[in-house]
Structures are given as structure tokens and as C-alpha cells.
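Colleague: Protein sequence lines, in the order shown, are assigned to chains X and L.
Take full-length UniProt numbering: the final residue in the first sequence is number 305, and no numbers are missing along the way.
Take full-length UniProt numbering: the final residue in the second sequence is number 305, and no numbers are missing along the way.
The hints are simulated quantities; they were obtained by calculation from the structure and are not laboratory data.
These figures come from a predicted structure and were not determined experimentally.
Warning: the hint list may mix true and false statements.
One copy or two, it doesn't matter: identical chains are merged, so the pair holds either way.
[Said to hold, decoys possible] Taking lysine to any residue pairs in the SDA-like style, the calculated list, with each CA pair at most 25 Å apart, reads:
(1) Lys-167 <-> Ile-55
(2) Lys-238 <-> Phe-49
(3) Lys-54 <-> Thr-279
(4) Lys-146 <-> Gly-196
(5) Lys-119 <-> Leu-202
(6) Lys-123 <-> His-111
(7) Lys-167 <-> Lys-209
(8) Lys-167 <-> Gly-255
(9) Lys-209 <-> Gly-255
(10) Lys-146 <-> Pro-193
(11) Lys-119 <-> Glu-243
(12) Lys-54 <-> Ala-250
(13) Lys-272 <-> Phe-45
(14) Lys-123 <-> Ser-78
(15) Lys-185 <-> Lys-256
(16) Lys-119 <-> Lys-167
(17) Lys-256 <-> Ala-163
(18) Lys-256 <-> Leu-202
(19) Lys-65 <-> Glu-276
(20) Lys-65 <-> Lys-153
(21) Lys-3 <-> Asp-214
Residues per chain, in single letters:
Protein chains: 2
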Amino acid sequence: MLKVPDHQVAGHKAGDGRLGPLVDDSGRFYKPLQGDERGANEVSFYTSFSSNTKIPDHITRFFPKFDGTQLVEASDGSGMQPHLVLQDLTFDRVNLSIMDIKIGSRTWPPHAPEDYLQKCLKKDRATSSLPLGFRVSGARIFGSSKVGYREPKNKSSIQTLSADEVKLLLKNFVSSNASEETQMKPDCAFASPVYGGSTGILSQLLELKAWFEDQTIYHFYSCSVLMMFEKELASCGKSPRAEIKLVDFAHVHEGKGVIDHNFLGGLCSFIKFISEILTTPDDCSADSLVDDAQRNHIYSDNGSV
Amino acid sequence: MLKVPDHQVAGHKAGDGRLGPLVDDSGRFYKPLQGDERGANEVSFYTSFSSNTKIPDHITRFFPKFDGTQLVEASDGSGMQPHLVLQDLTFDRVNLSIMDIKIGSRTWPPHAPEDYLQKCLKKDRATSSLPLGFRVSGARIFGSSKVGYREPKNKSSIQTLSADEVKLLLKNFVSSNASEETQMKPDCAFASPVYGGSTGILSQLLELKAWFEDQTIYHFYSCSVLMMFEKELASCGKSPRAEIKLVDFAHVHEGKGVIDHNFLGGLCSFIKFISEILTTPDDCSADSLVDDAQRNHIYSDNGSV
Chain X
1 MLKVPDHQVA GHKAGDGRLG PLVDDSGRFY KPLQGDERGA NEVSFYTSFS SNTKIPDHIT
61 RFFPKFDGTQ LVEASDGSGM QPHLVLQDLT FDRVNLSIMD IKIGSRTWPP HAPEDYLQKC
121 LKKDRATSSL PLGFRVSGAR IFGSSKVGYR EPKNKSSIQT LSADEVKLLL KNFVSSNASE
181 ETQMKPDCAF ASPVYGGSTG ILSQLLELKA WFEDQTIYHF YSCSVLMMFE KELASCGKSP
241 RAEIKLVDFA HVHEGKGVID HNFLGGLCSF IKFISEILTT PDDCSADSLV DDAQRNHIYS
301 DNGSV
Chain L
1 MLKVPDHQVA GHKAGDGRLG PLVDDSGRFY KPLQGDERGA NEVSFYTSFS SNTKIPDHIT
61 RFFPKFDGTQ LVEASDGSGM QPHLVLQDLT FDRVNLSIMD IKIGSRTWPP HAPEDYLQKC
121 LKKDRATSSL PLGFRVSGAR IFGSSKVGYR EPKNKSSIQT LSADEVKLLL KNFVSSNASE
181 ETQMKPDCAF ASPVYGGSTG ILSQLLELKA WFEDQTIYHF YSCSVLMMFE KELASCGKSP
241 RAEIKLVDFA HVHEGKGVID HNFLGGLCSF IKFISEILTT PDDCSADSLV DDAQRNHIYS
301 DNGSV
């Protein structure tokens, strides 16, 4: 039996007669093929990527495993429809904190048709993409079993965060006091195990960066980094299973001998935000108040779900 | 006495009653202040940068020295006009090969006015900027004392080079046979002393890159890397005095806590082109022919000046 995934933070969601991805109980994620060229483009990327022997193993691990396409009963009741069969990245994860970051200041490729270009450009200008080189597309932060999850107010407010607001969100993401209805500064209690160390988020991002400095095979437009970890594991001193994955390849193009400077630039900008949290721990303390307007821009009024 | 510089490869040139930069005989470069906000913006950048104690010495060396502004007799005969007084980067250089590379796929800042944005975007799309993350703005390659210099056909053709054409130009730049009227492949005779080594171009670009991965003070739109060396020194086994400098700061903006992901992405793309020439020397040989169309796109028909 297929069901609607628990941990989806961005993109079209299934349910109430709408078309969206589904998961099964053995770790597979079924993503409906978008009817236009986006669906075909994503299939052809996964097919090319999964058979490309030039991609080193330490890079393939950042991509969902691909298991072809399959006709399954669509979530909108429209009958059997083709779906990408992918690895369910959140399978077997408990009380997961997750964030979706769309990388690149430009979400359109060089030879995009004029109307598509102007549509994307308008969105890139209206969101954080242009100033920051990336935009947060979604986030779900686990507070505690008592308060549950905390989610940003709405889809559009999280996409328009300023640099200071992104910093605050990335601190809250790894803080023990993030889900409380207080105006306390985030304590960044889990910054070190989640962002730091030889297997943490920063280290993984730097591996990905090194590949992007060299690879000229693919250009990834409108592609996201998913960042996730399990807070309760960190709370009891275990590894929080911090992980990044790349998702959404409907707008991947051939690199044609040039590096993906647009993705790389945005990735480096995101890396700088993460590394600043690790190198300036003094910014994380409970002794002063967070700016109210910033907090309100990020979070919903009721806080938890 | 001020005179028109010998080695200018991009930008407005003085002479025949036109306004342009001038040099004196003691190593100073006089750049007319553009009358609109660009002139004021460039003065304010140089003033800020030259007094900023956070810029490390190994980075300040990549920028022209700044000596304030001064009223001097303008080259267009319009009388005494304000000029930036800068270091003449080509002073004391003999038979210089020089290239101007405008860095960044986007030459406009996030909050640019609509008409300026669309004007720049049109140019970025029509040139190499969007696909490559940079465009060559000018080049002057010294061949030999017999044939003199070789310059690209015209300003617009060099700005629209494809990835393959840029590779060929960057190889010709460091080849002993580049100025000959042959269809021989560039021999890359000086690739190693100019691009390689601990003091070569690649090493300098990587130092600059490391700073751009970290600095959040300035964003450099429409700024160029000048790359230069002296071929005759290399020919007799001396150091070719290979050097990069940053120029043109009329469109520098505050970084506001975010790295310059647009400049950094373009810089990384350019670095990849240079490093490929060093790592794949087999591509440089005299035993096969260069594609005629590529050669014609880059160079003027008469070859030398």
C-alpha cells in the first residue's frame, strides 16, 4: 500500500485529490512524472546519472537511488500513472528535522524560452535566490515529543528570508530551544554534532563543492539540497545521522565542458552560512532576545504542528 | 606629460578627441571619473578598500594602488576634469601579452532598476557571460618582435566566444606559435611558466578564490580580471612576470554579510579553463589543425597589428 510521505517540506503534496509523491513501506518514493518535458527530463537525468561511471561513489551517495519508472495508482484518483521509483530518503528516520534549500541565484538555463526566463527571473528576484544565491523552500524542525514539529508560517515567507533570517533559521534548526514559544536566542546545542565534524553537514557540503569545482557533465537548475538529522539521537549523545541529499532534477542540462558556476556559487554561499555558525559560537546564546520581526517572518504564530 | 596607454584592451579609449584614460611616465594611470553615479561609486570603492584593514596584504596586491582623485586635462579636450589616480599596471612592462576577463554570469546587482537590469541581461545572454560565467572583454597577444601583437577581430566577437573558442584563445595566449599565420595547433610552450607553478596565474587565481569564499564585504559586478605576462622573458628561461589584477569597480556594492556568489562562480569557471590547460598538455601540439571557423571567430584576418 502506498501512502502520503510524512516528511515532505517542499513541492506539490499529495492528498485531498491532489497529485503528489507517495511512499511504500519498504523505502521507495514514487514521484509522479510531470506531464510536460520536465518529467521526461528528470527520467533522462536519472537514467544518465545512474549509469555514468565517471561519477565517484562518494558523490553518488548524495543522490537518491533510482529504480526506473513504474505505473502506480496516482494520488489524485486519476488512475494508473507513470512515476519515478526513487529511494525514500526519510525512510527509517524518527522525528526528523529537515530543510529544503534550492541552490543557485538563477533557476533558469542560458537558452530558456523568453516567457519561462522572465517567470523564473521574477521569482528569483522576489525571493532570497538573487541576493543569497539560494532560497529555503521548506523546513520542518522537530522540537520535542511534547511540542512536536515547528514549521515556517507559509511557503512564500520562507523563500524570502534575508541573510539575518536565514542565519537565525539555520541556528534554530540545530538548537534545543527552537520549538519553544520564547524569544530566547537559539542555543545551537547541536551545531557541533550536526554541522561540524568529519561526517557532519559542512564536511559533506565541502565534498559536494569539490566535485562541482571540477565536473562539467551536468548543470543543475532549480535543484535542491535536502539537509536532515535526528535531534533525539543528538540529545542522547549519539550520532544525529546528519545528511545532505540532492533532489529535483527536472531542470538539469548538459554541462558542455563548463562547470556549473551558478550552482557552485550558490552552494558556496550556503556553505559560508553553515561555517559561520560553527566558527562564531558566541552568536548562539540564551542571554539575549531575538528580533521579533525576524522570528515572526520565519515561523507561524502557533509554532508547533 | 600625459599620454594614451599602450596596453589598454577593453573599455573606452582616449584619442581622436575621445575621453579615455591617460598615463604619465612615473607609473600612474589617470582614469576619467564617469559623470554619473558610476564615477562616484568607483571613488567610494577605492576609498573604502584602500583604508580597510580587514583586507589581507596577499589580496590587496591584486588591486591597483589608489592615490586619490586629481583634476587633469581630459583627453577629449574638454579641459580640466576629475580623474582617479591609480597605479599603471602595465608600467615598465615590455612586449606585454594581456587579457581582460569580465567575471560573473550576471553583470547587474540584485536591486538594479528594471531598464538597467534588462539591458545588462540582454548583453549577458548575447555573450559568453551566461553560459561560461565570464566573458573575454579584450586581448592583445605578443607574437614576436617581427610580427608584433595579435588582437581579436573586434570587440563583440571576442565577447561571444564558445567554451571551445575560449580554450583555444587561452592556449594561444601562452603559445610560441600563436601569432603566425598558420593553422597549427597552439604549442602551449609557455603554459607551464605562465599558468603553472607556485607564482603562476593559476596559483594567484586560487588565492583570490579562497578570499572570495570568505569575504562578505563587497560584491563585484561587471569587474574584470586582467591577466598579463611577458613572453620574451619566458622565451629566454626567465620568469615571465605572470600576474593577475582586478580592475573596474564602478559597480561594486556592499556584500551585507553574504559572499559574492556571482563573482565566485564565474571565477571558478575561469579557473577550470586554466587548470585544464595545465592538466591536459596533450591537447597542445603542433601535429594537427585547428578548426578554421574557431580561429576566424577569434582573430582578425591580418593577424598582427
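Colleague: Look at each hint and say if it fits the structure.
Modeller: Against the structure, the hints:
1. Lys-167 <-> Ile-55: between (32 Å within a copy, 24 Å between copies)
2. Lys-238 <-> Phe-49: Result: close neither inside a copy nor across copies, 34 Å intra and 47 Å inter.
3. Lys-54 <-> Thr-279: Close across copies (17 Å), not inside one copy (35 Å); limit 25 Å.
4. Lys-146 <-> Gly-196: neither (27 Å within a copy, 60 Å between copies)
5. Lys-119 <-> Leu-202: neither (33 Å within a copy, 38 Å between copies)
6. Lys-123 <-> His-111: both (18 Å within a copy, 14 Å between copies)
7. Lys-167 <-> Lys-209: both (20 Å within a copy, 23 Å between copies)
8. Lys-167 <-> Gly-255: between (32 Å within a copy, 15 Å between copies)
9. Lys-209 <-> Gly-255: both (16 Å within a copy, 22 Å between copies)
10. Lys-146 <-> Pro-193: Classified as within; 23 Å inside a copy, 65 Å across copies.
11. Lys-119 <-> Glu-243: Classified as neither: same-chain Cα gap 32 Å, cross-chain 42 Å, threshold 25 Å.
12. Lys-54 <-> Ala-250: within (21 Å within a copy, 42 Å between copies)
13. Lys-272 <-> Phe-45: between (29 Å within a copy, 24 Å between copies)
14. Lys-123 <-> Ser-78: Intra 30 Å, inter 46 Å, cutoff 25 Å: neither.
15. Lys-185 <-> Lys-256: between (46 Å within a copy, 22 Å between copies)
16. Lys-119 <-> Lys-167: Intra 28 Å, inter 33 Å, cutoff 25 Å: neither.
17. Lys-256 <-> Ala-163: Result: close only across copies, 8 Å inter versus 33 Å intra.
18. Lys-256 <-> Leu-202: Close across copies (22 Å), not inside one copy (29 Å); limit 25 Å.
19. Lys-65 <-> Glu-276: Neither: 32 Å inside a copy, 31 Å across copies.
20. Lys-65 <-> Lys-153: For Lys-65 and Lys-153, neither the intra-copy (32 Å) nor the inter-copy (50 Å) Cα distance is at most 25 Å.
21. Lys-3 <-> Asp-214: Cα proximity of Lys-3 and Asp-214: none, with 39 Å in one copy and 44 Å across.
Violated hints, listed in ascending order, are 2, 4, 5, 11, 14, 16, 19, 20, 21; each of the other numbered hints is respected by the structure.
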